[in-house]
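Visitor: So the sequence lines, in the order shown, correspond to chains A and B. In terms of the numbering used here, the first sequence has 3 at position 3, counting the first letter as 1, and numbering is strictly consecutive. In terms of the numbering used here, the second sequence has 23 at position 23, counting the first letter as 1, and numbering is strictly consecutive.
Rather than coming from a laboratory, the hints here were simulated on the basis of the structure. Be aware that a few hints might be false.
Treat identical chains as interchangeable: a pair holds within one or across any two.
Quick list of in silico lysine-lysine cross-link-like pairs, DSBU-like style, CA-CA up to 35 Å [said to hold, decoys possible]:
#1 K33 x K128
#2 K93 x K131
#3 K33 x K93
Computed from a predicted structure; not experimentally measured.
There are 2 protein chains.
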Amino acid sequence: MILDPETDLSFSLTLNAPRAVIWQCWTQPQHLKEFFVPKPHFIESCDVDLRVGGRFNTVMNVEGNSMSNDGVFLEIVPDEKLVFTDAYQEGWKPAADPFMTAIIELADTDGGTLYTVTARHRSAEACKAHKDMGFFDGWGTVARQLESYAQTLI
Amino acid sequence: MILDPETDLSFSLTLNAPRAVIWQCWTQPQHLKEFFVPKPHFIESCDVDLRVGGRFNTVMNVEGNSMSNDGVFLEIVPDEKLVFTDAYQEGWKPAADPFMTAIIELADTDGGTLYTVTARHRSAEACKAHKDMGFFDGWGTVARQLESYAQTLI
Chain A
1 MILDPETDLS FSLTLNAPRA VIWQCWTQPQ HLKEFFVPKP HFIESCDVDL RVGGRFNTVM
61 NVEGNSMSND GVFLEIVPDE KLVFTDAYQE GWKPAADPFM TAIIELADTD GGTLYTVTAR
121 HRSAEACKAH KDMGFFDGWG TVARQLESYA QTLI
Chain B
1 MILDPETDLS FSLTLNAPRA VIWQCWTQPQ HLKEFFVPKP HFIESCDVDL RVGGRFNTVM
61 NVEGNSMSND GVFLEIVPDE KLVFTDAYQE GWKPAADPFM TAIIELADTD GGTLYTVTAR
121 HRSAEACKAH KDMGFFDGWG TVARQLESYA QTLI
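Please model the complete structure; the sequences and the hints are all you need to start from.
Guide: Okay, here's the thing in structure tokens:
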């Protein structure tokens, strides 16, 4: 994948947990609820149909407000790569104004799992908005929450 | 799949050719070139990587003008369902202004293959534009070209 600095945001971290456990966390609702949004925000509901084109619908609670985000999985390579987006709803219904496509990549590394998050956007403006909204802090916090939670499953 | 009359266009036809041959035509460049655009327009080049997220890039020639259309496959169920779109380029790079997502469905029926084409759009405006551009005539002509060509392969 060749990144485009105008429209893509990406970072990598080493997480001290095995790849298979990280995968499990990212693909099962009961685990997703434990790390998917920076605390004290939380996930009210999470509906996952883990197949290409299957739904990945979440409702997060931000300071008492419910925020729905409906999407689908685009690509599923167990223990390696998960791609999802809000550009479609289940049944390949295109969203009017999608925000991003997220690519989670996992690889073995000394000390655990090399965890790479990439967010791809339709425009430089959307990318900048996501960056200004706190992409690196937010997804970084989520990565550390994921690591801590994954360690409880080992 | 629940269709939305505001944003989706769809029709079904029976094609007098086996499902497996129709599938072969839709997934191999040398066959796609034979039916994919209404004649006398033609396909100058066709680059297919038949996997989820793989490229489906075509260049068509319309009255001497080359028109590129780069996209990807979203879902591949051999002999049954092919979904592709211009909403992404290879590597899940979102397109700035995608036009549509196409769903080709094949089923056995008396006399051959029940062939269903659905085009889903992001907005009612895009759907209307596609309809006014001649969706039913154009894709209907393509279906008959496909049928004739498929019969030469039996």
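Visitor: Can you list which hints this structure breaks, lowest number first?
Guide: none
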